[in-house]
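Kindly produce the complete structure, drawing on both the sequences and the hints.
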Amino acid sequence: MIQINELHKSYKMGSSSLHVLKGINLSVEDGELVAIMGSSGSGKSTLLNIIGMLDILDTGTYELDKVLIEDLDETKAAKYRNKFLGFIFQSFNLINYKTALENVSLPLYYQGVNRKERQEKALKYLASVGLADWATHLPSELSGGQKQRVAIARALASEPKLLLADEPTGALDTQTSCEVMDIIQKINQEGKTILVVTHEEDIAQMCKRIVRLKDGVIIEDVKVNQVLAAQYV
Amino acid sequence: MFSQDRWQEIFETIRKNKLRTFLSGFTVALGILIFIILFGFGNGLKNTFKEFFLDDATNTLYLFAGRTSKPYKGFKANRRIEFKNDDLKDIKENFPFFLEYITPRISRRASVRYKNEFDNYNTRGIAPDHQYAEKTIMMSGRYINELDIKNKSKHAVIGRLVARDLFKQEDPIGKFIDVGNSVFKVVGVFQDDGGDNEERYIYIPYTTRQSLEKGNDKLDQIIVAFRPELGHKGAVAFERQLRAFLKEKKSIDPTDPSGIFIRNVADQLKQNQQFANVLQLIVTFVGLGTLIAGIIGISNIMVFVVKERTKELGIRKALGATPKSVIQMILQESIFITTISGYVGMGVGILILNNIGESLEDYFIKNPYIDIETALFSTLILVIFGGIAGYIPAKRAASIKPIVALRDE
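Sequence lines, in order, name chains A and B. For the first sequence, this note's numbering assigns the number 38 to the initial residue and increments by one for each residue that follows. For the second sequence, this note's numbering assigns the number 434 to the initial residue and increments by one for each residue that follows.
Please note that a few of the clues may not be correct.
Stated by the list, open to error - Which residues of chain B face chain A? A few of them, derived with a C-beta cut under 8 angstroms, are:
#, residue
1, ASP438
2, GLN441
3, GLU442
4, PRO756
5, SER832
6, PRO835
7, ILE836
8, LEU839
What the hints assert, rightly or not - The calculated lysine-lysine pairs, modelled on DSSO-like cross-linking and capped at a C-alpha distance of 30 angstroms, are:
#, chain 1, residue 1, chain 2, residue 2
9, B, LYS744, A, LYS161
10, B, LYS744, A, LYS153
11, B, LYS744, A, LYS113
12, A, LYS158, B, LYS449
13, B, LYS757, A, LYS198
14, B, LYS757, A, LYS103
15, B, LYS509, B, LYS647
16, B, LYS647, A, LYS120
17, B, LYS744, A, LYS198
18, A, LYS135, B, LYS509
19, A, LYS223, A, LYS135
20, A, LYS158, B, LYS451
21, B, LYS449, A, LYS161
Stated by the list, open to error - Here are the in silico distance ranges between beta carbons for each label pair:
#, chain 1, residue 1, chain 2, residue 2, range
22, A, GLU196, B, GLU806, 20 to 28 angstroms
23, A, GLY181, B, GLY722, 30 to 38 angstroms
24, B, LYS451, A, GLY228, 39 to 47 angstroms
25, A, THR173, B, GLN437, 16 to 24 angstroms
26, A, HIS45, B, ARG448, 31 to 39 angstroms
27, A, HIS236, B, ILE817, 47 to 55 angstroms
The set of hints was computed from the structure by calculation and includes no laboratory data. Idealized CB from N, CA, C, for every residue including glycine.
Shown next, in the form of structure tokens:
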């Protein structure tokens, strides 16, 4: 699914430049659930942003689903994002004046799906995260966990090949975190490839593989025995 | 541009962001409203100005006689020059090419009485063509005619206000009035756009006036109208030749600045028109100023709106919105709002102008108006610039990387 070779990325900070990623080699197969771990400043978010085409790499190659991602302008990136990727953010990033249903159907709008089909699909995915009854509610009327579930439904709505979650439980308490991870695990069991950026060890243990970053290089890449979140719910 | 889906998305955004929509709409509406009203007031000022200064015929020369200041051909200086009836005839015969019409004017103040009502009025002994020089409009009856001149008949044409003051509700036509102790029959009532004073005159045949004054043939003043097609240059040439001719006839030194005075309305008109042009310039300037202020207002609102939506736009982009679709969405929304509210503001402005009408006449604003082309055009300009003002921040927002926009809390 993902093939990354010798990836470098640095940011210009005034006159000096900050070398964030120093030669990352990473390969992720279909159906994997990978946790990317590291302390802040380790480059894990930058890596996720590059995989998510929210940011551009300096050198190296990045292949997503056997498509070489290169010469990325904004329009091309937008199309790839819409076609390949679903995002889950720490701060949910729902549009606050749109209802849960409208938020979920937004990626479908950008796929050019017609209105009726959009709403049917959105409702289906909202039901899959157990929020069908909350379809007409605004984000401000939902709890943190509910918001993140709406965001997950939105990420799934475009039927992406790869799901990227940036600290999906960072703003949630332990109980809700487990609920969200339970949903993520279930989606993974259905065959979806998922990358989770986190700094919480117990969240990482709920994935199938842990990639540890430190100072811009991968220091550890191990398969783990998945802890099922369902037992805590 | 016309996809139904996109419109639905926009209407949804508008409906759910009422305050923002109202604010930007209000700015636009207010801008165009102020523009319409100021521009209308400017036009009202121009109307007043026109009425004050541009009422009389503009192709006329007013001839006055005075005292000479230089001795000439055996005559001493300080000799009094007077116009006579034969001057009329001579001008007619010598300047047929230039002349449109000619009329004398003998002004006398007289006490005028009808039954128990009386007052002092200015009377003017005139010829029929005087009607064109003053642009006198007949309300009823007729003006002085050639027969009156020939018969020296005691017929009078009175102004609207004279009729109102002396006759009250009565119809003055055919009634007799005392003008300085001689009885005149009223044959007509006139009105004049030149203001109240112009409607307090009494016109009588100049020959009648002369016969009342011991049958002399003296004239106060001669009004000469030249053919309008001569233009300003022709009028100046005519004036020069006429002056030379009259000086020759009256034996006045050609270099004498006094003796004969000619007031050329065309000259005055030119000055007045220059003034009117300055007025127009001020009106245009004020209009342009308000329009620019409006555009700046819209730009501010647009910058604010886009800033407020930065995060939303970042989310949209992360979900697959292309920069083009982001710009299109913002532009379409802003143009939609500016168009609707712009035309609402325009409509309200025009409505206010129409209702003001004459009520501000005391402030020299008469019938303020704005022609529909200017109104539509300026609204369109505002909409276009509103679009441009929205385009720049929209383009910038669209080119911000989604991560930057999403980080912006």
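Here is what the structure says about each hint:
1. ASP438: 6 angstroms, holds
2. GLN441: Cβ of GLN441(B) sits 7 angstroms from chain A, so the hint holds.
3. GLU442: With a minimum Cβ separation of about 7 angstroms from chain A (threshold 8 angstroms), the hint on GLU442(B) holds.
4. PRO756: 5 angstroms, holds
5. SER832: 7 angstroms, holds
6. PRO835: Holds, about 5 angstroms.
7. ILE836: Check passed: Cβ of ILE836(B) comes within 4 angstroms of chain A, closer than 8 angstroms.
8. LEU839: 6 angstroms, holds
9. LYS744(B) <-> LYS161(A): 27 angstroms, holds
10. LYS744(B) <-> LYS153(A): OK: LYS744(B) and LYS153(A) at ~27 angstroms, within 30 angstroms.
11. LYS744(B) <-> LYS113(A): 20 angstroms, holds
12. LYS158(A) <-> LYS449(B): Given pair LYS158(A), LYS449(B) holds - Cα atoms ~23 angstroms apart, limit 30 angstroms.
13. LYS757(B) <-> LYS198(A): The hint holds at about 25 angstroms.
14. LYS757(B) <-> LYS103(A): Holds: LYS757(B) and LYS103(A) sit about 27 angstroms apart, inside 30 angstroms.
15. LYS509(B) <-> LYS647(B): Judged against 30 angstroms, a Cα distance of about 28 angstroms means the pair holds.
16. LYS647(B) <-> LYS120(A): 111 angstroms, violated
17. LYS744(B) <-> LYS198(A): 25 angstroms, holds
18. LYS135(A) <-> LYS509(B): 102 angstroms, violated
19. LYS223(A) <-> LYS135(A): Given pair LYS223(A), LYS135(A) holds - Cα atoms ~27 angstroms apart, limit 30 angstroms.
20. LYS158(A) <-> LYS451(B): 29 angstroms, holds
21. LYS449(B) <-> LYS161(A): 25 angstroms, holds
22. GLU196(A) <-> GLU806(B): 20 to 28 angstroms: 55 angstroms, violated
23. GLY181(A) <-> GLY722(B): 30 to 38 angstroms: 52 angstroms, violated
24. LYS451(B) <-> GLY228(A): 39 to 47 angstroms: Cβ of LYS451(B) to Cβ of GLY228(A): about 44 angstroms, so the range 39 to 47 angstroms holds.
25. THR173(A) <-> GLN437(B): 16 to 24 angstroms: Given about 22 angstroms between the Cβ atoms, the range holds.
26. HIS45(A) <-> ARG448(B): 31 to 39 angstroms: 47 angstroms, violated
27. HIS236(A) <-> ILE817(B): 47 to 55 angstroms: Given about 51 angstroms between the Cβ atoms, the range holds.
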